[in-house]
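Given the sequences, and given the hints that come with them, work out the whole structure.
Each chain, written out:
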Amino acid sequence: MQIFLPIADIPVNIFLVLAMGLAVGFISGTFGIGGGFLMTPFLIFIGVQPAVAVASVTTHVAASSFSGAVAYWRRNAIDMTLALTLLAGGIFGSAGGVALFTWLRAVDQLDLAIGLSYVTLLGIVGLLMVGEGARAIVRTYQGKPPVLRRPGSHAWFLGLPLKLRFKRSKIYASAIPVLAIGFIIGFLGAVMGIGGGFLLVPLLIYLLRVPTATVIGTSMVLTFLTMVSATVLHAATNHLVDAVLALILMVGGVVGAQFGARAGQRIRSEWLRLLLGLLVLAVGSRFAFQLVLRPEDLYSIRIIEGGP
Amino acid sequence: MNIALMAALLFAALLAGFRPAAAAERLVASLTNHRVMITSNYTGVELVLFGTVESDGASPMRSGPFDIVATVTGPRESLRMRRKTRVLGIWVNTQAHTFVDPPSYLAVVSSRPLDSIAGAETQRRLQLGIADMPLPELINNDIGEVANDPFRAALVRLMRERGLYNEEPNGVTFLTPTLFRAAIALPASVPTGNYSVDVKLFAEGNMIARTDSAFQIVKVGFEQFVVEAAREHGLLYGFATALMAVATGWIASVAFRRD
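The listed protein sequences correspond, in order, to chains A and B. Numbering-wise (my numbering), the first sequence opens with residue 1399 and increments by one. Numbering-wise (my numbering), the second sequence opens with residue 2 and increments by one.
Hints are supplied without guarantee of correctness; some may be wrong.
[Stated by the list, open to error] In silico contact screen, one side only, chain A against chain B (beta carbon under 7 Å); selected entries:
1) ILE1405
2) LEU1416
3) ALA1469
4) LEU1508
5) LEU1510
[As the list claims (entries may be wrong)] If you want a taste of the chain A side facing chain B, the calculated C-beta under 10 Å gives, among others:
6) MET1648
7) VAL1652
8) GLN1656
9) TYR1697
[Stated by the list, open to error] Chain A residues, not near chain B, derived (Cβ > 12 Å throughout):
10) ALA1460
11) THR1483
12) GLN1507
13) GLU1668
14) TRP1669
15) ALA1680
In short, the hints are calculated from the structure, not lab data. The C-beta atom is built at its ideal place from N, Cα and C for all residues, glycine as well.
Pasting the structure below:
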């Protein structure tokens, strides 16, 4: 059944979009990520303008991360102090990212910047995750007990001034690295059109040593807050949020996320990290091929809103 | 020979030369629909242009054969054509040309291939085909045409691939020697706005009559409501969408609650 999207200005098959929402929702529920880094490329692939895709995906990610956050809230698995400190850094990061986004678009290098940052980030994060997950799996097979808290958990940057106590996560650390991580996530999120969950979760685990019990719930709260503000911002400034598209995506997304969350609880965490790492690597290499292979068409069109 | 006689001869020659162009025929044309409504199940539409050639009543009408060329032009929107080249192993947009207000939709529908209807000079003068359509570019704060521009060729090619630029050399059918109909295909991706239709009547390689028509592509109903809300009340629309996201997330977490 075809439905016309009012802002994206194209007709799409409603069941195709619903299925995409379900699939991405399942993955986001399983791994505790927003899924923007999968959904945005999917939408562009079916013909939605990149700008509309990015803006509408923020709304979809807001809905799926909210339903996830509610579930973690009931289990008391959220560190609100940590989430709000991250958000404080994230707001400034987003502002910087939006400014860079606008400038890159004006000089016709936005696609290149998005491609390069996807390749670099997804490549590094994916490799780290796969390596770490594989080592953990090997350890389990050899019958060694899993390392719960790795040695050297007192990195120098945790000892910086402005110490804060994050009770739920049982860490006492400087606010500076937390704000910095929030800033990086906000910045990259605005430039790449992603919620940043797949980056935030490993950063929190490896740099801040946040225990796995609170890391996903906290990451979902941050994702929800940044994506809600991004939705309002995109709607108010660029008028690019397609509410019809977002609604179809989020209906599929929240349902998929519920099943994904249940699947995620059944899979051992080291396997989860390995699988997510492979997924991240796959998306990263797709962007790498796009940059290196000769494009089908060397020419492309960009419509200039409001004249040259 | 005096000047008066020369002038008279010249006038007579001019009159004789221009006689075929002096309108003895009139062209009447109309569209089946002047408003194309985009609703939630819109997937493109075909408009029909129909018309007839009639005598203007003053002089006898020629018997034909006649040819019709109809040009449909959509709303104009500036755009940038970028070209990628290989830099350090990756493909980067290195060159770009800005086109000033090219039509976002352009269809040239005719009863025969343009080359059989009129000579190259006439085609150029009347801007008949897509190749003769002016597509001005921005060159160092100046606006002008660039001869043999590969960027212009790429623009036309990409627009053709999207079904937005189109030449239909057999799109006009004469039902009788004077009655014709033409189909104008509007794909789903056409932009909303005002479209103009310019219809030209040809005989013996010359344009002998011309008329125009217009239509509008508009969004109606729910689509129109959403677009207006998004454009006019962006902040409110943003809050409403955010609220919708929260509600959907909440409903899902309640519906699937199992603890």
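Looking back at the hints listed earlier, which ones does the structure fail to meet?
Hints 2, 4, 10 and 12 contradicted; others consistent.
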